[in-house]
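Here the protein sequences line up with chains S and P, keeping their order.
Per our numbering, the very first residue in the first sequence carries number 15; after that it's consecutive.
Per our numbering, the very first residue in the second sequence carries number 1497; after that it's consecutive.
Worth flagging that the hints you see were computed from the coordinates, not collected in a lab.
One should not assume that every hint holds.
[Claimed, not checked] What follows is a list of derived Cβ distance ranges for each label pair:
(1) P:Arg-1545 to S:Ile-86: 24 to 30 Å
(2) P:Phe-1742 to S:Lys-174: 25 to 31 Å
(3) S:Gln-140 to P:Arg-1545: 46 to 52 Å
(4) S:Arg-138 to P:Leu-1676: 56 to 62 Å
(5) S:Asp-307 to P:Lys-1772: 41 to 47 Å
(6) S:Arg-99 to P:Glu-1795: 44 to 50 Å
(7) P:Pro-1712 to S:Leu-96: 57 to 63 Å
(8) S:Leu-231 to P:Gln-1675: 53 to 59 Å
(9) S:Ala-83 to P:Gln-1675: 39 to 45 Å
(10) P:Glu-1795 to S:Lys-174: 30 to 36 Å
(11) P:Gln-1675 to S:Gln-140: 49 to 55 Å
Ideal Cβ placement from N, Cα and C applies to all residues, glycine included.
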Amino acid sequence: MSYKLTHLKELESESIYVLREVAAQFEKPAILFSGGKDSIVVTYLAYKAFYPAKIPFPLVHIDTGHNFAETITYRDELVKKLGARLIVGSVQESIDTGRVKEEKGYYASRNRLQTTTLLDTIDRYQFDACIGGARRDEEKARAKERFFSHRDELGQWNPKNQRPELWNIFNGKKNMGEHFRVFPISNWTEMDVWQYIYQNNIPLPSIYFTHERACFLRNGQWLAAEPCMKLKPNEKVEIKQVRCRTVGDISCTGLTLSKAHNLTDIIAEIAATRITERGGRADDKRSETSMEDRKKEGYF
Amino acid sequence: MNGYLDMELLRFTTAGSVDDGKSTLIGRLLYDSKSIFEDQLEAVEEASRNRGNEEINLALLTDGLRAEREQGITIDVAYRYFATPKRKFIIADTPGHIQYTRNMVTGASTADLAVILIDARKGVVEQTLRHSYIASLLDIPHIVVCVNKMDLIDFSEEKFRAIEARYREMAIKGGIRAQLHFLPISAKLGDNVVKDSGNMPWHHGGTLMQLLETVPILHKSGDEKEPMRFPVQYVIRPISDKFPDFRGYAGRMAGGVVHIGDEVKVLPSGLTSKVKAIMQAEENLSVAHTPESVTLLLEDEIDISRGDILVNANEAQPQMSRDLKLMCCWLNEAPMQLGKRYVMQNSVSEGTCMVKEIVYRLDINTLEQQTECTTLQMNDIAKIKLHTSTPWVYDSYLQNKTMGSIVLIDPDSNETIGAGMIVGQGM
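Please model the complete structure; the sequences and the hints are all you need to start from.
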């Protein structure tokens, strides 16, 4: 009898293995939870990895204050359902206490400011491993990322001197004050994530599905016309039928014109698309290596 | 859509010498399978123009780090993903130059198949031997030899056959065990990569893509004949009202299969019990295959913790020893020191060890064995003897990759400095 494991089962098995390694090798791990589909899948995998025990990590949300309301509602419901602990690091608080300075102008975003809030939160709670939903297919700097990625005592990533990662052996050794970023779904693609959500019937925030929203067009990209966005004089607000393909801070989340109202529609849409998921992310467009630069500083 | 939900996953690695056309080949696979997106292509076109390249430099798709883009070299293993309606693929793309042997070893450690490129004009060269040897050392089941740039030798069958014969001869001499496949291709023109070639009617072996889509994925067949291995990763104890006495052993199957009712033995303690339940979250299974992550419940309350190995009491048992012989690849700039205490780690166990002896160092280009070595430098491959502080439970690497592989960690820097494949016991 020949037994075949499907790609989704194999990826799930690998990710659960990585999550269990985190629980075994670290003392104070946490899941970095953004409310986006990738961190939702990571949280779901953690639920499966430790069942019937509760997830042995708190969920940490770095809150820019510029959130889609649907994401926050979803987050609070999920935390309640899992009986998990939620820790919120507030970018507004970092601004108020003078840790960071708000960017000015039309392209102002709190995306980069999150790094300081994140590192301060890691420091305050002494987290030694932060689990994220980043994937290698998302972005070229992330393609070189390890499952277990070392950060020095300043939270910095050194991409040129990463530890070799062989077989399924993960070296989580570090000195006091250093920490690791761990990426259990490194090997998943955007399509894998959607197929997995579909197969396991995982609920998602409603912004992933088509809805009417006040939007404006900037550099060929639809953005949400929320109070935190400063419109240029020539930019007009229009009501459009849109959905989010990826969810981040409002200021850098592009909206896709779409009529996809269920997971089957979304999978069909993704299969036909000719633009990458992060093509709509303004934060990646600042320069050719903007993701690498932000990651080195300690970004997600 | 169902057809897409139950694809198999094939992981492969690519190796070739500089200018063998590896980036072009990967670009071709991605491009012809429609896995490159418009914005990626635009970004690469623009980046190529900014660098003054006349043609689109597809290497910029994978060389994501600033230093790589500036120097025009690949420093690290890059992972690329693509899928066809039949399979999903993960490419570990590794730089071919000798100073990156450690990267090739890393990429090869998880691969089901290796694509090795040969320039049709140059034929089998020293590097070909090195790449093939590493693929074989890491026990990759399939090697696909792509003879590239066939367009530059007039698509000559005779020259292709000569290269194939030369490679087979070298493979026998080098002790290459993998199953060999040969393809005449032109990555630049696309011949026999994704689309059939009209230029080589004498070739009946199909395209590279057809091969990647159909080659049997050997180690994942969940072979019932292989002995069961279950390294315990973590003990799940909810201590809740609903599950007051629950004790689940969490881990990933590393060999064979396990059924409910199987008699299992715990190593190294030797205690035995029976499998009471196999769980995947809320789901109860009657059987689990390699490499599934599951939670096992046993009939008896016995002392089991992380690092223990559960095996079937009625099947072949792993070995246990404090003296091991290994093939080792040195990964770090700091040279190996005989007698120094290193940490050794496998998937779930950890121990202290020291290197007692370097049996020989391999000249990786000629496979000549050099004895009387006292140290190893980065990228060296050698046979070594290790002495461990406590007995190590293992299978030889060729029998079981998870049970037979280790990494060495320098306790002073915490860095992973060596990779080892256990050959057997060795005083």
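Results of checking the hints against the structure:
no.	hint	verdict
1	P:Arg-1545 to S:Ile-86: 24 to 30 Å	violated, 43 Å
2	P:Phe-1742 to S:Lys-174: 25 to 31 Å	violated, 45 Å
3	S:Gln-140 to P:Arg-1545: 46 to 52 Å	holds, 48 Å
4	S:Arg-138 to P:Leu-1676: 56 to 62 Å	holds, 57 Å
5	S:Asp-307 to P:Lys-1772: 41 to 47 Å	violated, 53 Å
6	S:Arg-99 to P:Glu-1795: 44 to 50 Å	violated, 35 Å
7	P:Pro-1712 to S:Leu-96: 57 to 63 Å	violated, 40 Å
8	S:Leu-231 to P:Gln-1675: 53 to 59 Å	holds, 55 Å
9	S:Ala-83 to P:Gln-1675: 39 to 45 Å	violated, 57 Å
10	P:Glu-1795 to S:Lys-174: 30 to 36 Å	violated, 52 Å
11	P:Gln-1675 to S:Gln-140: 49 to 55 Å	holds, 51 Å
Comparing the model with each earlier hint shows violations of hints 1, 2, 5, 6, 7, 9, 10; every other hint is respected.
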